[in-house]
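Enquirer: Protein chains in written order, with our numbering: chain W, 1 to 137; chain X, 1 to 137.
Relax, there's no trap hidden among the hints.
If several chains are the same, the list does not tell them apart, and a pair holds so long as it fits within one copy or across any two.
Once the Cα atoms are required to be at most 20 Å apart in a straight line, the calculated EDC-like pairs of lysine to aspartate or glutamate come out as:
| no. | residue 1 | residue 2 |
| --- | --- | --- |
| 1 | 18 | 88 |
| 2 | 121 | 36 |
| 3 | 121 | 15 |
| 4 | 18 | 50 |
| 5 | 121 | 9 |
| 6 | 18 | 46 |
| 7 | 132 | 72 |
| 8 | 121 | 5 |
In case anyone wonders, no lab produced these hints; they're calculated from the structure.
Protein chains: 2
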Amino acid sequence: MTTTDITPDLAAFIDGLKFDADGLIPAIAQQHDSGEVLMMAWMNRESVRETLTGGRVVYWSRSRRALWRKGDTSGQIQRLVELRADCDRDCLLLMVDQVGVACHTGRRSCFFTAIRDGAPKIVAEIVADPDKLYPAK
Amino acid sequence: MTTTDITPDLAAFIDGLKFDADGLIPAIAQQHDSGEVLMMAWMNRESVRETLTGGRVVYWSRSRRALWRKGDTSGQIQRLVELRADCDRDCLLLMVDQVGVACHTGRRSCFFTAIRDGAPKIVAEIVADPDKLYPAK
Chain W
1 MTTTDITPDL AAFIDGLKFD ADGLIPAIAQ QHDSGEVLMM AWMNRESVRE TLTGGRVVYW
61 SRSRRALWRK GDTSGQIQRL VELRADCDRD CLLLMVDQVG VACHTGRRSC FFTAIRDGAP
121 KIVAEIVADP DKLYPAK
Chain X
1 MTTTDITPDL AAFIDGLKFD ADGLIPAIAQ QHDSGEVLMM AWMNRESVRE TLTGGRVVYW
61 SRSRRALWRK GDTSGQIQRL VELRADCDRD CLLLMVDQVG VACHTGRRSC FFTAIRDGAP
121 KIVAEIVADP DKLYPAK
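With the rest of the complex left out, here is chain W (with noise of 0.2 Å):
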């Protein structure tokens, strides 16, 4: 995917989305290749706009209040590959080639402690190093 302009067709769909009291819809970012589930994270109106239009995705920091371009301080970024919304256009499924690790914990996903023999695991090991993703810390 490619920069491009919003089509009639696209602002439409962006309409029909429901976003919720605050504005946002959840987001999970899924590696388009591997399947693996990577994180989940919020967007508006205008990062869904922006994500589809620019081909990188940006979420919504609820945190930050801001917009949050993913990959601007870490270089971590996502690509989008290809964008879907669920059967009660309340979820956005992005499939994404993820440059690097997708958690700030400097694991590729996110969703790295599972439960095993009735209590929390690590089960994924920290491939990037958090000081050298975010220096500025």
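Got chain W; can you put chain X on it based on the hints?
Expert: Chain X in isolation, oriented as in the chain W frame:
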């Protein structure tokens, strides 16, 4: 995963989850072997507990304001293979074995609308008759 008692570790894990102001946490269901993302729904504390101990996925229905033991009406249950939490403990990933279809439209996944060539396209077939899944409707 089979039926089990709640352990102190599981109770502590559930206590550590970040439920929102409505007492809910988003949960993504993924077919454990194919990697297909099936649906996203919501869980409350009780539904997480019942899912972890019962081995069958139970959500919270926001519209019905009740526990939603998926498949009670349609038979399309989800057996839990593994539950994972994300780094912020505010989202769950349910790796499941989906019996039949996840979507009320009779499609395997709820995410059957994709943006392709600048417009929404339906990219999955109906594989189960919704009138047979929900005969009372």
